[in-house]
Amino acid sequence: MVKTPVLIALTMAVFVAGCELDSNLFNTQEVDHYRLPGNTIPDSLIEEVVFDSDGNTLYGYWVESDGKRPGLAMLYCQGNKHNLDEYWDRVMLYHELGVNLFIFDYRGFGRSGGESSEDGMYRDAEAALGVVQSEGFSPDSIVIYGYSLGNVASIYLAAKKVKPRCLIAEAPLASANSLTQGSLVLDIPERWLTDGEFNNAERVKHIQTPFLLIHGEDDDFVRWRDNGRVVFENAPEPKRLALIPRAKHDDIPAVMGEDAYLAIISGWITAPGMP
Amino acid sequence: MNRNIRTAGALGIILLTSCAAHNALEPVGKGRTVVRGGVGGPIVAAFGTNVPVPYAVVGIQRGVSDRVNVTADLHLTPIFYQMAGGEFGAVFFFASPQSRWTIGLGGRLLALGSFKVRVEERLRLYPILSASSARTGMRNTPYAGVDWTLLPHQPDYDEEPGRVIASPFFGVRWNVGHGYRLSTELKWHGANIRSDQTAVEYVQIGRSGAIATLFSLEWQW
Numbered sequence: 001m002v003k004t005p006v007l008i009a010l011t012m013a014v015f016v017a018g019c020e021l022d023s024n025l026f027n028t029q030e031v032d033h034y035r036l037p038g039n040t041i042p043d044s045l046i047e048e049v050v051f052d053s054d055g056n057t058l059y060g061y062w063v064e065s066d067g068k069r070p071g072l073a074m075l076y077c078q079g080n081k082h083n084l085d086e087y088w089d090r091v092m093l094y095h096e097l098g099v100n101l102f103i104f105d106y107r108g109f110g111r112s113g114g115e116s117s118e119d120g121m122y123r124d125a126e127a128a129l130g131v132v133q134s135e136g137f138s139p140d141s142i143v144i145y146g147y148s149l150g151n152v153a154s155i156y157l158a159a160k161k162v163k164p165r166c167l168i169a170e171a172p173l174a175s176a177n178s179l180t181q182g183s184l185v186l187d188i189p190e191r192w193l194t195d196g197e198f199n200n201a202e203r204v205k206h207i208q209t210p211f212l213l214i215h216g217e218d219d220d221f222v223r224w225r226d227n228g229r230v231v232f233e234n235a236p237e238p239k240r241l242a243l244i245p246r247a248k249h250d251d252i253p254a255v256m257g258e259d260a261y262l263a264i265i266s267g268w269i270t271a272p273g274m275p
Numbered sequence: 001m002n003r004n005i006r007t008a009g010a011l012g013i014i015l016l017t018s019c020a021a022h023n024a025l026e027p028v029g030k031g032r033t034v035v036r037g038g039v040g041g042p043i044v045a046a047f048g049t050n051v052p053v054p055y056a057v058v059g060i061q062r063g064v065s066d067r068v069n070v071t072a073d074l075h076l077t078p079i080f081y082q083m084a085g086g087e088f089g090a091v092f093f094f095a096s097p098q099s100r101w102t103i104g105l106g107g108r109l110l111a112l113g114s115f116k117v118r119v120e121e122r123l124r125l126y127p128i129l130s131a132s133s134a135r136t137g138m139r140n141t142p143y144a145g146v147d148w149t150l151l152p153h154q155p156d157y158d159e160e161p162g163r164v165i166a167s168p169f170f171g172v173r174w175n176v177g178h179g180y181r182l183s184t185e186l187k188w189h190g191a192n193i194r195s196d197q198t199a200v201e202y203v204q205i206g207r208s209g210a211i212a213t214l215f216s217l218e219w220q221w
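From first to last, the protein sequence lines stand for chains A and B.
Counted from 1, the first sequence has number 35 at position 35 by my numbering; the numbering is strictly sequential.
Counted from 1, the second sequence has number 15 at position 15 by my numbering; the numbering is strictly sequential.
Next comes chain A alone, as it looks inside the complex (with noise of 0.2 Å):
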């Protein structure tokens, strides 16, 4: 029989430890070695990429320009999903541009050490930017890419580390409350139920660089309307949004075509007035 002062214990520890929802921003999926999915980029251009982010061994892939613009490179800030096999896709996509990419799994992510925290987040975000410039791009030849979660890190790069070339967002969260508000339909405050901020609606203030927004009008995960736009309209100018119709939240390419999807990335990259 189990004794009144172990029940109120248990009580206790329930009341001390709580539950948070941040641990749950980060669906983590550790993995052995990764694969690739349907690679077509030749194998002399992809570089494994071994990082220190605090302590923690972190896994990225360098994947070299095709020749057409070698003098840029792009910084993918993924997702929360898994792993950065899951975005290999985008990696593919993004080489049609002809620049350089770095995408690389945060700590607690694929072979990834350490435990994800938002925190966590922005030193690996650090630490990647390092690797970049450690091959020889100075700020104003890197694009900083954020997608989702991503944007997290990218965009507290843009605003507290470097001022890059531009910095593109695509369905961005306004802030840990945003999705909490969102989903409750209750004004719970914030803090209530997460711990960590994440916030992109007031980060963004303080970017110095062009910001490009994409975001799906149909987003089914990051509502538009109280996410991507409070993000987009913090962010200072020069900006441009594209608000693509029927896109949710991880199908834009495809539903636009991926051809009109790269063309505003290299039209925004590339843009007169670019460093």
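Hints may be right or wrong, so weigh each one.
Claimed, not checked - Straight-line distance between alpha carbons at most 20 Å, and here's what the computed DMTMM-like set of lysine to aspartate or glutamate pairs gives: (1) B/LYS116 / A/ASP251; (2) B/LYS116 / A/ASP195; (3) B/LYS116 / A/GLU190.
For the record, the hints were derived by calculation from the structure and aren't laboratory data.
Knowing the structure of chain A, use the given hints to seat chain B on it.
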């Protein structure tokens, strides 16, 4: 992003309206008391299937006159999120206690609080109005009604929020003997709110609301 947060986020959704099967179906009777425990919530996509969120409440209902019940419910699940939740209110019945049909109009206050550190605002109050009708006088009691949850605050990021959440429901209260009754209920939470663009993947009607299954066991003395 992915379904993982959709699942976890769902654990809080039921906070938005009442969280157990409707039990104020008829006058309890002056001086009499009903206690109950309930579990259930919106059906969400999780683990490769659709499952109801296990949201738990306990409550008490007491008759203060032949036509008025007062109710109080304590929400248990929010405790795991370092939150406290409770509902307090009253229901007035138009029909007499001997009528075969009852119509009840109620009002209650949903109070949510947080006892986390680093939280600036600790209390939110949401008025809830409800109307219900039940066919009494039989062994089992079918009923239907609707809750309206009023939203007095403006969400931080949404310029087009709903001001009222309408949640119709219907169910049957089964007399299982020895003073115990089991309520089974289907509720359409937020029937007037679009829910197809949220982090939680609900079972909807059209593109709105969240279908919930609710169960409640009550005992009267």
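Tested hints:
1. Between B/LYS116 and A/ASP251, the direct Cα distance comes to roughly 38 Å. Violation of the 20 Å bound is thereby established for this hinted pair.
2. The straight-line distance between the Cα atoms of B/LYS116 and A/ASP195 is roughly 9 Å, inside the 20 Å bound, and the hint therefore holds.
3. The straight-line distance between the Cα atoms of B/LYS116 and A/GLU190 is roughly 11 Å, inside the 20 Å bound, and the hint therefore holds.
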